[in-house]
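*Asks:* Keeping the supplied structure of chain G fixed, place chains L, U and H upon it in accordance with the hints.
These protein sequence lines map, in sequence, to chains G, L, U and H.
Quick note: the first sequence uses the numbering used here, first residue 1, plus one each step.
Quick note: the second sequence uses the numbering used here, first residue 1001, plus one each step.
Quick note: the third sequence uses the numbering used here, first residue 2001, plus one each step.
Quick note: the fourth sequence uses the numbering used here, first residue 3001, plus one each step.
Check each hint, because a few of them may be wrong.
Unchecked claim - Here are a few chain G residues that sit away from chain U, every Cβ distance over 12 Å (derived from the structure):
| hint | residue |
| --- | --- |
| 1 | 42 |
| 2 | 53 |
| 3 | 197 |
| 4 | 319 |
| 5 | 330 |
| 6 | 331 |
| 7 | 387 |
| 8 | 407 |
Claimed, not checked - 35 Å max Cα-Cα, derived DSBU-like pairs, lysine-lysine:
| hint | chain 1 | residue 1 | chain 2 | residue 2 |
| --- | --- | --- | --- | --- |
| 9 | L | 1149 | L | 1024 |
| 10 | H | 3358 | H | 3346 |
| 11 | L | 1140 | G | 399 |
| 12 | H | 3149 | U | 2203 |
| 13 | H | 3140 | H | 3024 |
| 14 | G | 394 | L | 1394 |
| 15 | U | 2407 | H | 3005 |
| 16 | U | 2250 | U | 2407 |
| 17 | U | 2086 | H | 3346 |
| 18 | H | 3337 | L | 1240 |
| 19 | U | 2086 | U | 2240 |
| 20 | H | 3149 | G | 149 |
| 21 | H | 3232 | H | 3203 |
| 22 | U | 2086 | L | 1149 |
Unchecked claim - One-sided excerpt, in silico: chain U residues whose CB lies under 10 Å from chain H:
| hint | residue |
| --- | --- |
| 23 | 2126 |
| 24 | 2134 |
| 25 | 2148 |
| 26 | 2152 |
| 27 | 2168 |
| 28 | 2171 |
| 29 | 2173 |
| 30 | 2174 |
| 31 | 2270 |
| 32 | 2272 |
| 33 | 2301 |
| 34 | 2351 |
| 35 | 2381 |
| 36 | 2395 |
Since the hints were made in silico from the structure, they are not lab data.
Using N, Cα and C, we set each Cβ at its ideal position, and we do this for glycine too.
4 protein chains.
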Amino acid sequence: MAKEKVILAYSGGLDTTAIIPWLKENFDYEVVCVCIDCGQEEELDGLEERAVSCGASKLYILDVVDEFCDEYVVPCVQAHAVYENKYLLGTSMARPLIAKKLVEVARKEGAVAICHGATGKGNDQIRFELGIKALAPDIKIIAAWRNDKWTLDSRESEIEYCRQHGINLPFSADSSYSRDRNLWHISHEGLELEDPALEPNYKHLLVLGKTPEDAPDVPTTVTMTFEAGVPKSVNGKEMKVSDIIRTLNKLGGENGIGIVDIVENRVVGMKSRGVYETPGGTILYEAHQQLEELILDRDTYTMKKDMGNKFADIVYEGKWFTPLREAEQAFIESTQKYVTGEVTFKLYKGNIIKAGTKSPYSLYNESIASFKTGDLYDHHDAEGFINLFGLSSKVRAMKMQEVANNK
Amino acid sequence: MAKEKVILAYSGGLDTTAIIPWLKENFDYEVVCVCIDCGQEEELDGLEERAVSCGASKLYILDVVDEFCDEYVVPCVQAHAVYENKYLLGTSMARPLIAKKLVEVARKEGAVAICHGATGKGNDQIRFELGIKALAPDIKIIAAWRNDKWTLDSRESEIEYCRQHGINLPFSADSSYSRDRNLWHISHEGLELEDPALEPNYKHLLVLGKTPEDAPDVPTTVTMTFEAGVPKSVNGKEMKVSDIIRTLNKLGGENGIGIVDIVENRVVGMKSRGVYETPGGTILYEAHQQLEELILDRDTYTMKKDMGNKFADIVYEGKWFTPLREAEQAFIESTQKYVTGEVTFKLYKGNIIKAGTKSPYSLYNESIASFKTGDLYDHHDAEGFINLFGLSSKVRAMKMQEVANNK
Amino acid sequence: MAKEKVILAYSGGLDTTAIIPWLKENFDYEVVCVCIDCGQEEELDGLEERAVSCGASKLYILDVVDEFCDEYVVPCVQAHAVYENKYLLGTSMARPLIAKKLVEVARKEGAVAICHGATGKGNDQIRFELGIKALAPDIKIIAAWRNDKWTLDSRESEIEYCRQHGINLPFSADSSYSRDRNLWHISHEGLELEDPALEPNYKHLLVLGKTPEDAPDVPTTVTMTFEAGVPKSVNGKEMKVSDIIRTLNKLGGENGIGIVDIVENRVVGMKSRGVYETPGGTILYEAHQQLEELILDRDTYTMKKDMGNKFADIVYEGKWFTPLREAEQAFIESTQKYVTGEVTFKLYKGNIIKAGTKSPYSLYNESIASFKTGDLYDHHDAEGFINLFGLSSKVRAMKMQEVANNK
Amino acid sequence: MAKEKVILAYSGGLDTTAIIPWLKENFDYEVVCVCIDCGQEEELDGLEERAVSCGASKLYILDVVDEFCDEYVVPCVQAHAVYENKYLLGTSMARPLIAKKLVEVARKEGAVAICHGATGKGNDQIRFELGIKALAPDIKIIAAWRNDKWTLDSRESEIEYCRQHGINLPFSADSSYSRDRNLWHISHEGLELEDPALEPNYKHLLVLGKTPEDAPDVPTTVTMTFEAGVPKSVNGKEMKVSDIIRTLNKLGGENGIGIVDIVENRVVGMKSRGVYETPGGTILYEAHQQLEELILDRDTYTMKKDMGNKFADIVYEGKWFTPLREAEQAFIESTQKYVTGEVTFKLYKGNIIKAGTKSPYSLYNESIASFKTGDLYDHHDAEGFINLFGLSSKVRAMKMQEVANNK
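This is chain G alone, in the form it adopts within the complex (with noise of 0.2 Å):
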């Protein structure tokens, strides 16, 4: 009778690389891994021979860059989606689709189970396992990490395990930061940003770019379009939005844009400190925003405001595939109907300067913002607007001083 399958989450590092004789070993399973390339520019080359020398029977390599940009980052992107007003949740975007894609294998290959390597401690193992639960709710989950069978608890130990298994791959067993990259970005934990105390060593640390220290002394002028909250173009050449991203995240990292050092709330009630570059997006949320500022009414405005931290935290905790979040970006979408337009903006040494923003449904109206009177706001009417926009004050002071003559 054939084995039943497991699917793993494959990377091609030592952590999950060690869990494919684990599964085998411990579970009596068939490993079918699978390596999904959200923009980690890492080398897949060989990455299936190494799966199946290590023990698989065979791996899935699905390159879902667009398919992350396109419906994962586009919503975030319009709400604005910002974890703990610093962290464009670049790890959390891409675990909702990584587990979502892990299921529809799972599904092809009629397996019953599907592991990760996501560590015990962190908000992965929630994304991963709440996408799975919501897509695939009899499908057996296995946290490697958090498995009672699972002893190996150093690198040292992991390349030791492997080594009984037949497997000689040349890891280092010096850790390093430990890292999670993607098109959006990348972000480094560990070392010394373990203690918040101490300054990043950006020199060791920076993957997509430099510090605003080492960045070029002139600015660099870039132009973006918008269609319907889309991001359309980059210095006049339309392009999907996957090329936009490559194309800021080089402008940005060269010029010292998005590096964000926090100390963040987890969901799993710990504090955790991290560094994070994402030069191409943090440019893209505030080119958007820059154009929303001209759109929006004041109303929309504030309650999208609202709406993008209740996102983010949705989407830091895994709650992707909700009704929650459904609605959210129904929301979201709804307010992106006209925002169109163009935005241009320097990059110098980590900052990014209005340089100008157009739109045709721009609301901003130059004879009503001027000092003169114009046709559409006559200043009589802010006399009646005051009187009732402060009217509850008015009679609410009149009462005190009617109850304190009374006493």
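*Replies:* Frame of chain G; chains L, U and H shown alone:
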């Protein structure tokens, strides 16, 4: 019989100077001028002579800088109050205090009216008048520029009107940017800013600092402390809040910090475009937030962020003297009890770069956050947590499968 | 040359009848009357003759009851939109539709102005005018009662004015309650209600139903179904929404359901006191909510409740034709996809008593909820859940102990 | 050497009685029982003998009814805290106080552990444990029913286990509804309630009152006063809060007030169905709200409603001893300063019918609200107000026309 008195909010500039004879001519009031010093750094010497020579019976000059900082700025810093993601509320914070002081003088003088020179298109008229209504509902408000008897619609006509009333002062007929300054910030409106498609002419515009391009090529390191959410020292020196702001304004201004270019939604329903300089304030907000990252738990952080936005909205709207502002401030203050610690950062060409944060009340716990399993955190707990955190998603997915199967 | 036309929102009552000659006399317009039937159940026969005999060039009678129910009432039911905990928004829902129809007729007739007879103290002027501004910003709005040319300040003076202009209709000079009625509700203001210390005189006041005291001594059982949040049937009979409301109005009215006595905050800054009868609507809201209890997960329920309150606020404020209303409605609609099922309840003397709820999409799972341990829920999971749910509290408490010990 | 001590939350019922020998057998602890009286109206006489005869070293009986009412109930009344639109939080309010008292006794006794008998599926385990973690992070928590050493899964097995340990008490093997009672409310779960399609068997179920059907045919009129948001008297008699609740429980119970049938979302991710009786509480909430209708301005009312919902959520979640609860309560308390006045209402068969409300701080102003124009309110102000309130809508509509015309 003595004439009734009007209190005039007086700056010494052309607009409020022209109002003195206008009030006497049109209302037959005795005009008592009040100049309220929130740190605008203008020449106040000779102001009394000017006011009196223009027809005022006297001039009060009130230095309220410390009250401004302690009672109005600090609550906004603690709230991290930012209007529409960018504006640090410099003008908004000062207006209610000015209203309060005008009322105090009005009571002392037994005045029946208060007059201000704010335009009929702006937010300041609202802030002044809501303040006065809430504190002195019986006092008549005269908004000169909205008054039907006010016919002067240019600087030239104001100068001519002054001249006709025997006032020959060296006012220039050329208008520059429209500005509002206090210790916290300076705002700029008008000229090229009236077209959002144009880049601000920073060379002419900036008052408190330099652009990032013109800032020094080497970073400046700064250390600050807070106690219970109140700034206490800079670089090891204890100072009162106003001196901390002065110090940070200098440091921030030199390093190109805190320049904001925004199209914002005014309360009166229009959009306007302005540039704000808030060098010290921007540092203070960021430093305070870095500390809160260490100290506030996730629930509190999330809701406080929301509350800060709401606080910003009502401060912007001029609703300072309202039960809602008091209630929101009570919430914020309650969260500040343990916001105590030290923050270090580097200022460099527009960037505030974190360089270490410490607090005795830090909830960051290295042994929990690190990748090793420790006493306080058991990996197995995550399993249970995720199972319940995702329970409704799983039940829902099962239900959907059941419905699908029944069809 | 043909006269310019004005569209008059016409009810046939004294107020709007007097406006016909007033408009002709003061503006020299051709007056086109429009009576919009949202289910007010008034005598519309003979209305055209009345309008024309009073000087109108014609009268449109538009039956919009179904559009009202489907496009305005249903979204509010789905939102569970209640203003200030009590008011089911009956008047607020209808005003934007009326504004829309007035604009449609104005466009068809090529009119340059629209006139309404709402008072200068109420919310309805806002709702009419915001609707017109949003749909036809170029059309002039005439609010008769706020107009300086309007000098009639009592029913007597209106009757006299009509008489002078050849209109002799049997209007009574005695004023009763001020009322607004449509299919959804009737509101009552004025007379004894103007003193919140007085009990409403329900015997004279009620129109749509009885008091609980006068309701039958035996309960009436009702069953309803919903599909995707839309009411579909009552007691087994499929009906369009308007007929469902008619049916429930009858059942609810007889059983003393949906009488509300409230002091509410108007948009214009004052408090007013009113009594509302919404017999069918109250049932519909409650039935819909009972179904949502079964179907919505906790996160969605919580945020939808909040959104419903926000939706109520903007509907109350007359901001129907705004991007924010559209966005909020998109959120709400997204949550309604699975709000399908059957609700049974008993009506008894003002009470709606639940008597059973069923849905194919119910997330209630007896085996999970019961006291026995089942497959889907492992008691051990709760341990992990609580440990992480309370982790920050515990860490905080430890930190406080540590600080205390260090002192 | 003396044994280590465990504190057991003891009710005298079968479950917690069986835990006494279980704790001694499995943990070798000295068992100190604590019975905390929040007004459950059970027979506490003889409880000490029972506890001791079952193996406890002693029993504390703590009457905390007044602390419960003053420190836990009143803040919830002021917040108008209602969970998921219906549940008045009776159990949720009491749990943190119980946790606090358990910790106090634990400190006094020098105990190392606290044990409770709440089920592994419910909310109460969370509320107890979060309270203990926040107040005594060093104390071990034993949740008997979740413990692997606990093998008793039915009342029969518990009775048998007791017998084996020499405890022969007249416990019935038949289970009734699962109930929780205190002065504020009683909850019912189980039996027919486990199927939401079934009507509750009210005849057997109700404890604190009658159904509306069984209530008297004549209304009972009640008058209450509040001072600064705190209930002070009923029908002219000043009483402490607990006595007010007792009085209202009697009046409300007799008149069929405060029976709620709900399917609610538990914190642990499941739905459960319960019936709550909160006769006095329902009256108190409604009376308090009627007063707030008169006193709170619109902004404060709106935000306080939102805050009340958030307060309800965290109280439900057991997060009483958190900075967030303190901050929310600070907000609420700030709004209560002027919630002073008198409320009259009639209780009639499940209905609370308003019969007049008065307050010295009422913002209701008859001369403003009435249809006549008075001093304080000028109809013309409404014109200006509406023009600015709708300005962005109008500008937007003009812009859309412009874009349409350009196509």
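*Asks:* The structure should be examined with respect to each hint, and the outcome stated for every one.
*Replies:* Okay, the hints, checked on the actual structure:
The beta carbon of residue 42(G) sits about 32 Å from the closest Cβ of chain U, which is more than 12 Å, so the claim that it is off the interface holds. Residue placement check: residue 53(G) keeps its beta carbon more than 12 Å from all beta carbons of chain U (closest about 37 Å). Consistency note on residue 197(G): stated as away from chain U, and its beta-carbon is indeed over 12 Å from all of that chain's, at 16 Å minimum. Not every CB of chain U is more than 12 Å from the CB of residue 319(G) (nearest about 7 Å), against its label as outside the interface.
With a closest Cβ-Cβ approach of about 4 Å to chain U, residue 330(G) is found to fall inside the 12 Å limit, against its non-interface label. Residue 331(G), annotated as away from the interface, has a beta carbon of chain U within 12 Å; the closest lies near 4 Å. Some Cβ of chain U comes within 12 Å of the Cβ of residue 387(G); the nearest lies about 8 Å off, and the non-interface call is violated. In this structure residue 407(G) is separated from chain U by more than 12 Å, as the shortest Cβ-Cβ distance comes to about 22 Å.
Only pairs whose Cα atoms come within 35 Å are accepted, and residue 1149(L) paired with residue 1024(L) is accepted, the gap being roughly 12 Å. A C-alpha spacing of about 16 Å is found between residue 3358(H) and residue 3346(H), which places the hinted pair at or below 35 Å, so the restraint holds. Our distance criterion of 35 Å between C-alpha atoms is met by residue 1140(L) and residue 399(G), whose separation comes to about 17 Å. Simply put, residue 3149(H) and residue 2203(U) have alpha-carbon atoms about 67 Å apart, too far for the 35 Å limit, and the pair is violated.
A threshold of 35 Å between alpha carbons decides the hint, and for residue 3140(H) with residue 3024(H) the separation of about 16 Å falls inside it, so the pair holds. For the hint pairing residue 394(G) with residue 1394(L), the CA-to-CA distance comes to about 54 Å; that exceeds 35 Å, so the pair is violated. For the hint pairing residue 2407(U) with residue 3005(H), the CA-to-CA distance comes to about 29 Å; that is within 35 Å, so the pair holds. Taking the CA atoms of residue 2250(U) and residue 2407(U), the gap is about 72 Å. The hint is violated against a cut of 35 Å.
Of the supplied pair hints, the one linking residue 2086(U) and residue 3346(H) holds, its CA atoms being roughly 18 Å apart against a limit of 35 Å. Proximity of residue 3337(H) to residue 1240(L) is assessed by CA-CA distance (about 32 Å); at most 35 Å being required, the pair is judged to hold. Proximity of residue 2086(U) to residue 2240(U) is assessed by CA-CA distance (about 26 Å); at most 35 Å being required, the pair is judged to hold. The hinted pair formed by residue 3149(H) and residue 149(G) meets the criterion: a straight-line CA distance of about 23 Å does not exceed 35 Å.
Among the hinted pairs, residue 3232(H) with residue 3203(H) is consistent with the structure: their alpha-carbon atoms are about 34 Å apart, no more than 35 Å. For the suggested pair residue 2086(U) and residue 1149(L), the alpha carbons sit about 46 Å apart, so the restraint of at most 35 Å is broken. A distance limit of 10 Å between C-beta atoms decides the matter here; for residue 2126(U) the minimum to chain H is near 5 Å, and the interface restraint holds. With a cut of 10 Å, the hint placing residue 2134(U) at the interface with chain H holds, because the nearest CB-to-CB distance is about 4 Å.
Annotation: residue 2148(U) was flagged as interfacial toward chain H, and the flag holds, the nearest CB pair being 8 Å apart, inside 10 Å. Proximity of residue 2152(U) to chain H is violated relative to the hint, the smallest CB-CB distance being about 12 Å (cut-off 10 Å). A least Cβ separation of about 25 Å between residue 2168(U) and chain H goes past the 10 Å threshold, and the interface hint is therefore violated. For the restraint placing residue 2171(U) at the interface with chain H, the shortest Cβ-Cβ distance is roughly 17 Å, beyond the 10 Å limit, so the hint is violated.
Given the 10 Å rule on beta carbons, the hint for residue 2173(U) is violated: about 15 Å separates it from the nearest Cβ of chain H. Against a cut-off of 10 Å between C-beta atoms, the interface hint on residue 2174(U) is violated, since the closest Cβ of chain H lies about 14 Å away. Annotation: interface hint on residue 2270(U) holds; nearest CB of chain H at approximately 5 Å, less than 10 Å. A hinted interface residue such as residue 2272(U) counts as satisfied when its beta carbon comes closer than 10 Å to some beta carbon of chain H; here the least separation is about 5 Å, so the hint holds.
For residue 2301(U), the interface hint holds, since its Cβ comes within 10 Å of a Cβ in chain H; the closest pair sits about 6 Å apart. Below 10 Å, beta-carbon pairs count as interface contacts, and residue 2351(U) has one with chain H at about 4 Å; its hint therefore holds. Because the closest C-beta pair between residue 2381(U) and chain H is about 8 Å apart, less than 10 Å, the hint holds. Interface hint status for residue 2395(U): upheld, as the beta-carbon distance to the closest one in chain H is roughly 8 Å, under 10 Å.
In this structure, the earlier hints numbered 4, 5, 6, 7, 12, 14, 16, 22, 26, 27, 28, 29 and 30 are contradicted, and the remaining ones agree with it.
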